[in-house]
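J.: Residues per chain are reported as follows:
There are 2 protein chains.
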Amino acid sequence: MQTKIAIVGYGNLGKGVECAVKQNDDLSLYGVFTRRNPSSLKTLTGAAVYHIDDILNHKENIDVLVICGGSATDLPTQTPTLARNFNVVDSFDTHAKIPEHFANVDAAAKEGGKIAMISVGWDPGMFSLNRMYAEAILPNGKDYTFWGKGVSQGHSDAIRRIDGVVDARQYTIPVDEALSAVRSGTNPELSTRQKHTRECFVVAADGADKARIENEIKTMPNYFADYDTTVHFITKEELDRDHAGIPHGGFVIRSGKTGLNLEHNNIIEYSLKLDSNPEFTSSVLVAYARAAARMNREGASGCKTVLDVAPAYLSPCDGADLRKRLL
Amino acid sequence: MQTKIAIVGYGNLGKGVECAVKQNDDLSLYGVFTRRNPSSLKTLTGAAVYHIDDILNHKENIDVLVICGGSATDLPTQTPTLARNFNVVDSFDTHAKIPEHFANVDAAAKEGGKIAMISVGWDPGMFSLNRMYAEAILPNGKDYTFWGKGVSQGHSDAIRRIDGVVDARQYTIPVDEALSAVRSGTNPELSTRQKHTRECFVVAADGADKARIENEIKTMPNYFADYDTTVHFITKEELDRDHAGIPHGGFVIRSGKTGLNLEHNNIIEYSLKLDSNPEFTSSVLVAYARAAARMNREGASGCKTVLDVAPAYLSPCDGADLRKRLL
Chain D
1211 MQTKIAIVGY
1221 GNLGKGVECA
1231 VKQNDDLSLY
1241 GVFTRRNPSS
1251 LKTLTGAAVY
1261 HIDDILNHKE
1271 NIDVLVICGG
1281 SATDLPTQTP
1291 TLARNFNVVD
1301 SFDTHAKIPE
1311 HFANVDAAAK
1321 EGGKIAMISV
1331 GWDPGMFSLN
1341 RMYAEAILPN
1351 GKDYTFWGKG
1361 VSQGHSDAIR
1371 RIDGVVDARQ
1381 YTIPVDEALS
1391 AVRSGTNPEL
1401 STRQKHTREC
1411 FVVAADGADK
1421 ARIENEIKTM
1431 PNYFADYDTT
1441 VHFITKEELD
1451 RDHAGIPHGG
1461 FVIRSGKTGL
1471 NLEHNNIIEY
1481 SLKLDSNPEF
1491 TSSVLVAYAR
1501 AAARMNREGA
1511 SGCKTVLDVA
1521 PAYLSPCDGA
1531 DLRKRLL
Chain B
1211 MQTKIAIVGY
1221 GNLGKGVECA
1231 VKQNDDLSLY
1241 GVFTRRNPSS
1251 LKTLTGAAVY
1261 HIDDILNHKE
1271 NIDVLVICGG
1281 SATDLPTQTP
1291 TLARNFNVVD
1301 SFDTHAKIPE
1311 HFANVDAAAK
1321 EGGKIAMISV
1331 GWDPGMFSLN
1341 RMYAEAILPN
1351 GKDYTFWGKG
1361 VSQGHSDAIR
1371 RIDGVVDARQ
1381 YTIPVDEALS
1391 AVRSGTNPEL
1401 STRQKHTREC
1411 FVVAADGADK
1421 ARIENEIKTM
1431 PNYFADYDTT
1441 VHFITKEELD
1451 RDHAGIPHGG
1461 FVIRSGKTGL
1471 NLEHNNIIEY
1481 SLKLDSNPEF
1491 TSSVLVAYAR
1501 AAARMNREGA
1511 SGCKTVLDVA
1521 PAYLSPCDGA
1531 DLRKRLL
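Going down the list, the protein sequences come from chains D and B. Mapping to my numbering: the first sequence position 175 is 1385, numbers consecutive. Mapping to my numbering: the second sequence position 138 is 1348, numbers consecutive.
Here chain D stands alone, though its shape is the one from the complex:
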């Protein structure tokens, strides 16, 4: 029996889900739901496109919706609304608002008898999982999360809003010395500046004052002022040629003590090096979509996160096969 997935929202993440479903024989793609005019949208694999307003008419044909909207304005309303009628998965990533989002979605999903998985991806998501496993195993320790090297969409956008900037790409880069200090087991206290640097590739308009632009970037509060930031001015052609990808990644490291007198140190490290941030996130969403469908078939409902899902639910393989091959 195949699990039928539908996509809500067709940006980079939605396209990633479309590609990820193709890699899994037990999943099939029912179609894409969009706020745009469906006839204006051509999907990568030829998947059917429907208007979001018609989605309830398709309720019986869909096992799980993967909601690919943004965390700022889309997901806070879309996920609870859709969870009344569908099993859903989202990638809500505004860390501070997760408790509120969880409460709203949980009420809706329970009302509908559906499973809603929120905050699925890699951070929140796989990184959260690894912080949790590591803390449970080594309670006497400290964990560190580093991001990058990778493109930060939010920081790239912030640079683009500066007067005289045509386009920009910003990379977040973990500081090697900080990583080494953490791996040494000394549990250092690290400032924001000590953990990450920021590197910016900027296309300036003809005749723009580059010194002013560079200064505006480096002193921008929250985004850059607390970091060592490097700015490179390049041409639009160079930007398109050398910085078109959306790589990302990072590290979750926990260093913790064991032994009668805490005399032994142990390091747990999880890292990702992703050529495509949205495609990897989509791949995680699709694995949790499979889990959502299964858990709901078994009678479960309500809001769940990656912390609530037994690993075996993510795999198309049965328990005996997993134990034999992977345990």
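Hints were generated in silico from the structure; no laboratory data involved. Please note that the accuracy of each hint is not assured.
If several chains are the same, the list does not tell them apart, and a pair holds so long as it fits within one copy or across any two.
[Stated by the list, open to error] Straight-line C-alpha distance at most 20 Å; calculated SDA-like pairs for lysine to any residue:
id, residue 1, residue 2
1, K1307, G1529
2, K1359, R1393
3, K1405, V1441
4, K1352, K1534
5, K1428, Q1363
6, K1446, I1372
7, K1320, G1529
8, K1446, A1418
9, K1534, T1304
10, K1483, A1388
11, K1232, S1366
12, K1359, R1403
13, K1483, S1390
14, K1269, Q1212
15, K1483, Q1363
16, K1428, T1304
17, K1269, R1370
The hints should help you fit chain B onto chain D, whose structure is shown.
T.: Relative to chain D, chain B alone:
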């Protein structure tokens, strides 16, 4: 409410469990059960010692038993026997016999209405989990497990059985070039010899033929013949001074493709660097003991592995706290 843990078997692993319980305020140690004369055994923390034959008399006082016997002869009989009356956790690590052990333990635990977690530790255990998560997320890929640098007890024992050897310590070491090749995303085919080397520190008896010993080690089938092996002869004093620890660790790396035409590569890497292999294994056992008690309180029974346990069950913290701090 505290979860009461008891230890069966008091070797390195049992001592590790004793130390790990001390680090967790929600757990308490009821005592140690041994086949030896209880009065002959002095525990690290002063925990009570009982004879294993009396264990049923303590049934009502214990929430979970952590069985710290060996996989070769102890666990295949101890775990199913004890699972009829107790929630249990073991670290059964004979990979090829896991399906058989699972079936035996599952029948016993279901009969008793108890939870039995088998094959808990880091491999099998955390490494298995990471192989499974990574395969579910990146189905189009290949995973690699490397062990070390660390002491292999089995290989050290094999050297000690050679005529003229007084003592020995063997380190398994992953080959840097192999790790780099895997991390590059080329999904190389690696032979046994290409993945690990073996380094041996050997104390020879006075007048023993070192050339013969070295040759016997390097040509020993299964253990050494398929590896590049280095042998160092040292004194007993040097062995005790420089090689008394039981460090270990390793790497699970999966490299997998995403994108419409699988054009992007993504690397997931999990690694451990442990000063104390048995203490870390014990720390994992204790976290899963907590989970076993909870799952049984909720009415679950039968044999489980790390693949069947939702991560949040491992933590003493509640869901709202975990979502706020770690998601």
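J.: When Cα atoms must be at most 20 Å apart, do K1483 and Q1363 count as within-copy, between-copy, both, or neither?
T.: within (17 Å within a copy, 34 Å between copies)
J.: Could you place K1405 and V1441 in one of the four classes (within, between, both, neither) given a Cα distance threshold of 20 Å?
T.: For K1405 and V1441, the Cα distance is within 20 Å only inside one copy (18 Å; across copies 42 Å).
J.: Between K1269 and Q1212, at a C-alpha cutoff of 20 Å, which is it: within one copy, between copies, both, or neither?
T.: within (16 Å within a copy, 46 Å between copies)
J.: Using 20 Å as the alpha carbon limit, work out where K1359 and R1393 are close: within a copy, between copies, both or neither.
T.: both (18 Å within a copy, 15 Å between copies)
J.: Check K1269 against R1370 for me: Cα-Cα at most 20 Å, and say if that holds within a copy, between copies, both or neither.
T.: Neither: 41 Å inside a copy, 67 Å across copies.
J.: At most 20 Å between CA atoms: does that hold for K1352 and K1534 within a copy, between copies, both, or neither?
T.: This pair counts as between: shortest inter-copy Cα distance 17 Å, intra-copy 34 Å.
J.: Can you tell me if K1232 and S1366 fall within 20 Å by alpha carbon in one copy, between copies, both or neither?
T.: Neither. Shortest intra-copy (31 Å) and inter-copy (48 Å) distances fail the 20 Å Cα cut-off.
J.: Should K1359 paired with R1403 be assigned to within, between, both, or neither, using CA atoms and 20 Å as the limit?
T.: Result: close within a single copy only, 15 Å intra versus 33 Å inter.
J.: At most 20 Å between alpha carbons: which applies to K1446 and A1418, within, between, both or neither?
T.: Within one copy only: 14 Å inside, 74 Å across.
J.: Pop the pair K1446 and I1372 into one bin, within, between, both or neither, using alpha-carbon distances up to 20 Å.
T.: within (16 Å within a copy, 69 Å between copies)
J.: Are the CA atoms of K1483 and A1388 at most 20 Å apart within a copy, between copies, both, or neither?
T.: This pair counts as both: shortest intra-copy Cα distance 18 Å, inter-copy 17 Å.
J.: At 20 Å max between alpha carbons, let me know whether K1534 reaches T1304 within a copy, between copies, both or neither.
T.: between (39 Å within a copy, 11 Å between copies)
Hints 11, 16 and 17 from the earlier list are contradicted by this structure; the remaining hints agree with it.
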